Each structure stands twice: as C-alpha cells, then as structure tokens.
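*Asks:* Sequence:
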Amino acid sequence: MLLSVIIPVYNAEKYIKRCLESIFTAVALSKVSAEVVLVDNGSTDSSLEIAREFAKKSPLKIVPITCRIKGASAARNFGVRAASGKYIWFIDADDTIAEKSIQLLIETAEKNKSDIVMMGATRIYPDKRSNYLSAVDPTTRDYKSRFVRYGAGPWQFLLRREWWISNGFSFREGIIHEDMEMISSLILYTDRFNSVDMPLYFYHQNADSILHKSTWDPHYLDIFEALDGLYTRFEKTNKTEEYHDELEWFFIWNLLIDSVKDFAKFREGRVGFSKSREMLKKYFPEWRKNRFLKEKPLKLQIRVRLNYKYPKLSYLFSQR
0 MLLSVIIPVY
10 NAEKYIKRCL
20 ESIFTAVALS
30 KVSAEVVLVD
40 NGSTDSSLEI
50 AREFAKKSPL
60 KIVPITCRIK
70 GASAARNFGV
80 RAASGKYIWF
90 IDADDTIAEK
100 SIQLLIETAE
110 KNKSDIVMMG
120 ATRIYPDKRS
130 NYLSAVDPTT
140 RDYKSRFVRY
150 GAGPWQFLLR
160 REWWISNGFS
170 FREGIIHEDM
180 EMISSLILYT
190 DRFNSVDMPL
200 YFYHQNADSI
210 LHKSTWDPHY
220 LDIFEALDGL
230 YTRFEKTNKT
240 EEYHDELEWF
250 FIWNLLIDSV
260 KDFAKFREGR
270 VGFSKSREML
280 KKYFPEWRKN
290 RFLKEKPLKL
300 QIRVRLNYKY
310 PKLSYLFSQR
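Start counting the sequence shown at 0; every next residue gets the next number (numbering that gives the first Met the number 0).
Keep in mind that the hints are not guaranteed to be accurate.
Stated by the list, open to error - The list that follows gives simulated cross-link-like pairs (lysine-lysine, DSSO-like), each with its CA atoms no further than 27 Å apart:
id	residue 1	residue 2
1	K127	K85
2	K143	K13
3	K112	K69
4	K85	K55
5	K112	K99
6	K238	K288
7	K143	K281
8	K293	K238
9	K298	K308
10	K311	K264
11	K293	K308
12	K260	K235
13	K69	K16
14	K288	K274
15	K264	K274
16	K127	K260
17	K69	K110
18	K30	K55
19	K235	K143
20	K30	K56
21	K280	K293
22	K85	K143
23	K143	K56
24	K127	K288
25	K30	K143
26	K110	K56
27	K293	K143
28	K293	K281
29	K280	K235
30	K274	K308
31	K112	K127
32	K260	K238
33	K264	K238
34	K112	K238
35	K264	K281
36	K264	K143
37	K127	K69
No lab work stands behind these hints: they were computed from the structure. All values reported here derive from a predicted model rather than from experimental measurement.
Can you make the complete structure from the sequences, with help from the hints?
*Replies:* Structure, rendered in structure tokens:
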C-alpha cells in the first residue's frame, strides 16, 4: 500500500460524498495502491452511511473506524495507527483534491525519497471567492525559514508514515489550532523536503466550521496553548535562537492579525487581547523590531501596533 488518506469525519453528510469522489478520481488516474482510513468521530448524521454506500459502488478501499475521543486531533492520531500506507495524507471531510494530485505527489515523493511533500492549495470562501496558497520552494536558500513562518494546515502535506511515527509526532488532543502547535516545527526533523507548487488541494472554508461560528466558543482561546506547544518544540530541538525571528513573526501574525477578529466579535473573547499581550511579553518582548514585520507595508505595520494596544477599536474601524 503506497498511500493512506486519513479523513476525520464528524457530521459531514453534506460534504463526504464530494470528498470521496474526488479521492476516487485521483486514485484511479494515478493507479497508486491506496486506502481511505475514514475515522468517524461520533457523528450523529448520515456521514457513515453515505461513506459505506459509496464504498459499495466504488473499488476505492475505504476502511471505516470509530474514534470515541472527540476532536479532529484524536481522529487523525487514531487514523495514523490504523493506516498501512507508505505515505499518509490528512484530508478534511469537507474538502476535495485535484485529479492529478495523488499522481504528482507520489511521483515526487518516490523520486526524491521525501519525508515531506508540500503542495499548493486553493482556499475557497463561502461566497465563492478564492485565493491560492503557494507551496514553499525547497530550492531556495531560506526555504526552512519560510516553512516555519508559513502556518500551513496538515492537509497541505504528503508525509512518509514511518518518518512521522519514528519521530513520535501526534496532534495535541482536546484543542483546536492543533495544526499550529505542530506543523511549523516539522521541517526541523528532515532535509528531505520537496514540493509541488500547483493547486492540488481545495480547502473549502464552510460557514458551519468551528473556526467560523457565529457564537462564542471557548476553544478560540486554544491558540495560546497551541503556541506554547510550538515554542516548546523549538526549545526541545535547541532551535529557538536559530529561528527566533521566524517564530516571532509567526506569533505576531497569529496573535495580532489573525485571532483579533475572533476575539473582537464576542464579549467573552476580549480576555484574548490581554492574553496575547502577555504571551508576546513572555516570549518576544522586542517584537516591534521583528525584521519580517519591518518588510511589510506600512499600513499592515500600523494595523499590528493598533491591534496590540487598541484591538477592539482597531477591529471595529477595519469593519467600516
């Protein structure tokens, strides 16, 4: 078995058939021996029934298993243990992949004996807008620096399973932002990195996902546990000094740009503003001097500083 596609499934009846159809097409075109490890995570809808019906009509090998521990992290970890492929690919149940994705990724991995193959992805918003997420180019001198700063999702990588297991990798369970805690550190563990800079994955940002709720969820604050965990990974590999500026920028982006809107939308989220300031003071007290921040347009630099000092007002002003 060359490839194990691992899909955590929780109440994905609206999307799971579309996802499986795209995988079936990509497997058929590639002629790669592949399985889909479909990890049900306590669904209460017809997700499993739809997947089983699809399996009956399709030669695609689908291995349905049940993970009773809640959360995508636990489901992915459970899926890795059940997988048998040489490579693993984490795919979300509401996303799809390009027809030639498996062929191109496996060819690249086999030719270069890769531990990691990164791909380009298209992010599709609920209103059908889209933007392209490019892959990191391994031929550039500073590719590891860019990888650390990038902040990709787990679905943007084909991974050699034995390498993943031998390094003891697993997603932190019980939190969201679990990919933030882990992905940016992967490059510390290998030089066998390659990429295919083409839109091979389609990341559908659905309005009903946990990161796009219209009501407050305490898990929004998991970002602080995730960033603590990421910093600890760099400490354990003695890489905090080497990648100080990259980590600092990663924290700036996630605390002072990306998470501000999640905190500002809800009264309960305002505690996140003070926690963000505390975290930056703890790890990066001189963050204003960050070299990657200084390279950004002046408008963004001003926005970051305002988000640090007056996050609520800054958010309200940006919505006008």
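*Asks:* Has the given pair, K127 with K85, been kept, meaning a C-alpha gap of at most 27 Å?
*Replies:* Judged against 27 Å, a Cα distance of about 35 Å means the pair is violated.
*Asks:* Does the alpha-carbon distance linking K274 and K308 stay inside the 27 Å limit?
*Replies:* Holds. K274 to K308 sits at ~12 Å (cutoff 27 Å).
*Asks:* Are the Cα atoms of K69 and K110 separated by 27 Å or less?
*Replies:* violated, 38 Å
*Asks:* Under the criterion that the straight-line Cα-Cα distance not exceed 27 Å, is the pair K293, K281 satisfied?
*Replies:* Answer holds: K293 to K281 is near 21 Å, not above 27 Å.
*Asks:* Does K288 lie within 27 Å of K127 when you go C-alpha to C-alpha?
*Replies:* Violated, at roughly 37 Å.
*Asks:* Between the alpha carbons of K143 and K56, is the straight-line distance 27 Å or under?
*Replies:* violated, 44 Å
*Asks:* Are the Cα atoms of K260 and K235 separated by 27 Å or less?
*Replies:* With Cα atoms ~32 Å apart, K260 and K235 exceed 27 Å; violated.
*Asks:* K235 and K143 were given as a pair; does the straight-line alpha-carbon distance stay at or below 27 Å?
*Replies:* With Cα atoms ~17 Å apart, K235 and K143 stay inside 27 Å; holds.
*Asks:* Mind checking the alpha carbons of K264 and K143 for me, to see if they're no more than 27 Å apart?
*Replies:* Distance ~35 Å between K264 and K143 Cα, so the pair is violated.
*Asks:* Given the hint that K112 pairs with K238, test it: the Cα-Cα distance must not exceed 27 Å.
*Replies:* Holds, at roughly 25 Å.
*Asks:* Are the Cα atoms of K264 and K281 separated by 27 Å or less?
*Replies:* holds, 26 Å
*Asks:* K69 and K16: Cα distance at most 27 Å?
*Replies:* Given pair K69, K16 holds - Cα atoms ~22 Å apart, limit 27 Å.
Figure legend: structure checked against the earlier numbered hints; hints not met, in rising order: 1, 2, 3, 12, 17, 23, 24, 25, 26, 31, 32, 33, 36, 37.
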